[in-house]
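Can you build the whole structure from these sequences, using the hints too?
There are 2 protein chains.
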Amino acid sequence: MRLTALALLLATLPVLRADEGMWTFDNIPVKQIKAKYGVDLDAAWLKNLQLATVRFPGGTGAFVSRDGLVVTNHHVGRGAIAQVSSAQADLVKDGFTASRRDQEIKVPGLELMMLVSMKDVTARVNSAVKPGMADQEALAARLNALADLRRTEEAKTGLTCEPVTLYQGGEYWLYRYRKFSDVRLVAAPELQVAAFGGDPDNYTYPRHNLDFSLFRVYEDGKPYRPEAILPFSVKGVAMGELTFISGHPGITYRQQTHAQMVYARDTGIPFQLRTMERQKQALQAFSATSPEAHRLAAEAIYGIENGHKRLSGQLLGLAKQENLKKVEDAEAALRAAVAKDPALQARVGGSWDLMAQAVERQKSLLKEATFIDAGRGTLVGRVATLRHALTLVRLADELAKPSAERLSEFSEGNLKATRSQLLSPRPIQKPIDATLLAAGLQEAQDELSAKHPFVQALLDGQTPEAVAKAAVEGTKLDDPAVRKQLAEGGKAALEASTDPMILLAKTIDPFSRAIHKQVESQVTGVFNEHGGRIAEARFKAFGRAVYPDATFTLRLGYGPVATYANGSGTLAQPFTTFMGMYDRHLGWGGNAAAAEHGAWTLPERWLKRQSKLDLATPFNFIYACDTVGGNSGSPVVNVKGEFVGINFDSVFEGQGGYYVYDPDTKRAVATDARAILEALRKIMGAGKLADELLGR
Amino acid sequence: MRLTALALLLATLPVLRADEGMWTFDNIPVKQIKAKYGVDLDAAWLKNLQLATVRFPGGTGAFVSRDGLVVTNHHVGRGAIAQVSSAQADLVKDGFTASRRDQEIKVPGLELMMLVSMKDVTARVNSAVKPGMADQEALAARLNALADLRRTEEAKTGLTCEPVTLYQGGEYWLYRYRKFSDVRLVAAPELQVAAFGGDPDNYTYPRHNLDFSLFRVYEDGKPYRPEAILPFSVKGVAMGELTFISGHPGITYRQQTHAQMVYARDTGIPFQLRTMERQKQALQAFSATSPEAHRLAAEAIYGIENGHKRLSGQLLGLAKQENLKKVEDAEAALRAAVAKDPALQARVGGSWDLMAQAVERQKSLLKEATFIDAGRGTLVGRVATLRHALTLVRLADELAKPSAERLSEFSEGNLKATRSQLLSPRPIQKPIDATLLAAGLQEAQDELSAKHPFVQALLDGQTPEAVAKAAVEGTKLDDPAVRKQLAEGGKAALEASTDPMILLAKTIDPFSRAIHKQVESQVTGVFNEHGGRIAEARFKAFGRAVYPDATFTLRLGYGPVATYANGSGTLAQPFTTFMGMYDRHLGWGGNAAAAEHGAWTLPERWLKRQSKLDLATPFNFIYACDTVGGNSGSPVVNVKGEFVGINFDSVFEGQGGYYVYDPDTKRAVATDARAILEALRKIMGAGKLADELLGR
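Those sequence lines, one after another, are chains A and B.
Mapping of the first sequence onto the numbering used here: position 65 corresponds to residue 65, and the numbering continues sequentially without gaps.
Mapping of the second sequence onto the numbering used here: position 675 corresponds to residue 675, and the numbering continues sequentially without gaps.
Just so you know, these hints were derived from the structure itself, not from any lab.
Take these hints with a grain of salt, some might be off.
In this list, chains with the same sequence are indistinguishable; a pair is considered to hold if it fits within one copy or across any two.
Unchecked claim - Straight-line C-alpha distance at most 20 Å; calculated SDA-like pairs for lysine to any residue: (1) K325 to R274; (2) K179 to R310; (3) K506 to A434; (4) K235 to G590; (5) K235 to N591; (6) K340 to S611; (7) K469 to L459; (8) K320 to T267; (9) K320 to P270; (10) K309 to D664.
The structure presented is a predicted model; accordingly, all values stated were derived computationally and were not measured.
As structure tokens, this is what we get:
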């Protein structure tokens, strides 16, 4: 049988490192957990955790009371809290407590999803592939089959069904969700306490963040009675105690080839960091011109700083020799096993070299992709009005084509999101656009050279500042109504438009399409095809003995509360307390100093009621579960399945976990359940809610 | 005049970075300080600070009351506190407060030194050099002249005079000290609070250390009334406020050539780190064998970890490109200026290349120097009984030679210290010696190869473990009395000795002398000679416009209380408070958990009396003064010359400051004066002392 060499590999490779993994609920490594921790996870325990977990837009939450209370992060709920705020009542800034149920505020449009069950449809999807089909044809057949199955299933169950591809195509599933559409805001602390330490503290630890908010799910106008809940633990967790996290990790790159990771380490991430530094410098220069400029630039600067921190952390992980050595060794072993199987060797054997060649192309196309192509992180992507202009320029042309031939953001699947971004009422700050456009054009000129046809076409002999100023000052695209008009006006309206940003986008469009095509055919296309083939080989070797890369679907992680050696040179304390929050507040000079734009200031009632608090209450803690972005708001539970904390971040030093799991640095950060109860009772005037969370 | 090119250089080089420098009190950059901070330091202010500062063995302290109270770090005073402890009263562990003056405990042998005045004798020293003298002869003439001047001066003034060479020979001084020999212990907190966070926290920040102790100087049985004191400030300092530090920075390497720093970065420090890791692993393996082994190994492991942390911090600084770029640029500019002056070019022009060649030799001799030569960090240096054995083996031979021809540790100047180390009653743990000797021999075999004559001579076909076991088990050199006997018995006693460690040392001795000679002639000799010539050129260019490298003599530094971006990814809070100490204590599980060997446990009275403390009292702070080891215990004062804190550490990220000053990371850490007062009053039962410190 052709799998023998691969099966052998499984036996010879080092065992999965302790506590690594984001496991699907149908495939929890209960034996490993039992062997290492002596803990038996039975089906009922797992089912309860699954059904108590809900998906928020961009994050996770959990049912925590019999009357449908749901807890998530403040930063996951923030959009909803802002949505129900008003000019009179800024609930993000001032916090909110509903004293009675009739004060709970419905959040229109907010939908939560509970994963009811999962159905493995791999065999049925694969059976759609007929002998002799080419790869592309086979893929299309699979996706069609999956779409058909989804429709049938939704009709049959009345549930929302989502197709899920795991192991890069090793498995196909339908995940059946129950959707909750009446969700009401119940309580939230002030932003200053929820995000204490602000952006400087993001990705760091020790932390002191009360990063939670409470919502209640209603059905038929009454509080929903959930099938499963996670009652708050009174006792909490202790150092060394085993915890579990249930949530929706968004994306990981752990199956990238060694060549791809070396590219990220030596080329991709360093280049991104450099361009971020240039953007930041430009924004800081603008910020220094007036207090108003300072106010306008603050958010954009923070956004860049946080991206910079996350990428720097990823770089730190990739730069640790043991980490890439592990990837290299695993890859060498898989290649050796593939080489022993002639059929597999014929299909996959050449893929690593082709991937490496594509990486070389990626390297040589990097600058042009960054400055000429559109998308996140590109020059176009950074400037809101230009981004909208290019969407408008392309819209009519793309809609005229069949979905499969369109640029991907205009395909049937993505069109709705693209339209909603285009028409978003989110305010645009023109001076920021002007600053970023000028800086981006200057950088394009420096990096591509002044003689590059793209640079010459855009600048046309003028300075970057002049081009940016003219385009931004003259454009009306900062007004959503104008964008709507142009979108609805079709090709004719667009051709008639004299908006300077539209004209700029028209100049960019052909260059951008050309580069995009090159990147697709020479880089991303190869990554998809041959990355997919390598994944096939890996799935044949390991199957479900390993976990699939993150897909923003429900996963379980496990690991103990544990310290780590943090970047400042000491061991991090496993827990913090309220004392630490006041220590830092005072250490920065208190509210009077409002240091670093007030990152460590505290709301007045937290100062007035300080003496009421038990300052020794555990506040935040770190634990060794394997998480990434998307796990925000995930419940952290103890072996009894009780809620002990809510995940809200992971540490800087462990961001390399997007690529490689490193047990020394992978630490998630949670707000302790005991801090939530103490704050509800002593500060937020919500003793009744605390009782409800404790099932009293 | 030949200095023109060099003088020009001074004008063209970038100005000294803000707040850099360890300035001698005769050459304070008052104009720079005035220009940057608007603060006028007059002669009286400077004289007061100078006379209020005292030198402790290995550190600094300050007069802080009219009745002769002296404050220093707990870790500077620790030896003295241990010395006056007894089996019944462990004052290091339990702390001490003298309620009345007659309870103050005299510390026999403890001497403090106050710098009364400095005399520039450069002209007189240089006049001893006669035309036509060779370099070596000239150096000897200078040192003789300096020694003569010292004797004359001491006879004349009755003060203790120390010759001081600054700017690597650019200036010669006599520093006149008043010596205080009746010093009594007055108060000290418990070690657990003084060094809260223990070794893991060393070199880090945020910190929570009450690192002070109080002594009183007596004369003729009465409290001494100092000429100058630094009264405690009631108000303390605030974020951004300018501070000054007066103390004795020990050693810096800022005048090393670029080639030497590149060697430290790429070869020297990485190799040291690697051998430290091997030693640590060996000790950890031993530590795991029993609780007693664990106890014995703890101190040695911590010692290695701290050395590792300091060196890692230095590496971090050297690895920062801007830092070495600065050194490279300054060197290129100095070389260019030298090249324009024919006479200077003849004397110094070739020195950089010769230094670089010596660095290459240093690189090729590194392993042999580490495993065969004696001294700190070498194989011999790590094993106490072997170190003593080699000293004994060499003693009689060396004393038979004239001082100038001896190995330097046996020269007249160093002999006293060498004898006192040899006869030190400090207990030796044989199992630690056996572990380190076996690991060192194994490492020598791995690094030098099993066929190296040194390795073959030592192992003689046996395993490293067997050789180490036999030597350590059989030796009696762990007994100071045995060492004394052998030392006094001279050549005959040594030749008769059958102590296996003596025999091992006899085997090592010829190898070690041979390598030492090579290193001296090819490496350190060249560094001294040509490093000295480069220093001459630099002094001709800059003279007193820059500060001299640290020499454990009195210096002034200045800089504001300031945050920095610390290694964990956030901005460090400028101050901490007592709340932070309790936060960390609780965060590690309190005394019950005694985590990490109890690094964050607290003495019982600090828990019992917690409610009495104003927890918001500022505890530690960071400030941008330029410090290194030797500054421990240095007073930190405000512009009024009031005592606002006591320096006790500097942060990990800034350890590169031994080589290059980096304004982004150079932060010193102090215990706040307000915390000392609060602890004296509320915990230590010493309200009267607090009043005395405030001049009440």
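Results of checking the hints against the structure:
| no. | hint | in the structure |
| --- | --- | --- |
| 1 | K325 to R274 | between (26 Å within a copy, 19 Å between copies) |
| 2 | K179 to R310 | neither (32 Å within a copy, 56 Å between copies) |
| 3 | K506 to A434 | within (18 Å within a copy, 78 Å between copies) |
| 4 | K235 to G590 | between (32 Å within a copy, 16 Å between copies) |
| 5 | K235 to N591 | between (33 Å within a copy, 19 Å between copies) |
| 6 | K340 to S611 | neither (71 Å within a copy, 72 Å between copies) |
| 7 | K469 to L459 | within (12 Å within a copy, 78 Å between copies) |
| 8 | K320 to T267 | both (16 Å within a copy, 19 Å between copies) |
| 9 | K320 to P270 | both (15 Å within a copy, 15 Å between copies) |
| 10 | K309 to D664 | both (19 Å within a copy, 17 Å between copies) |
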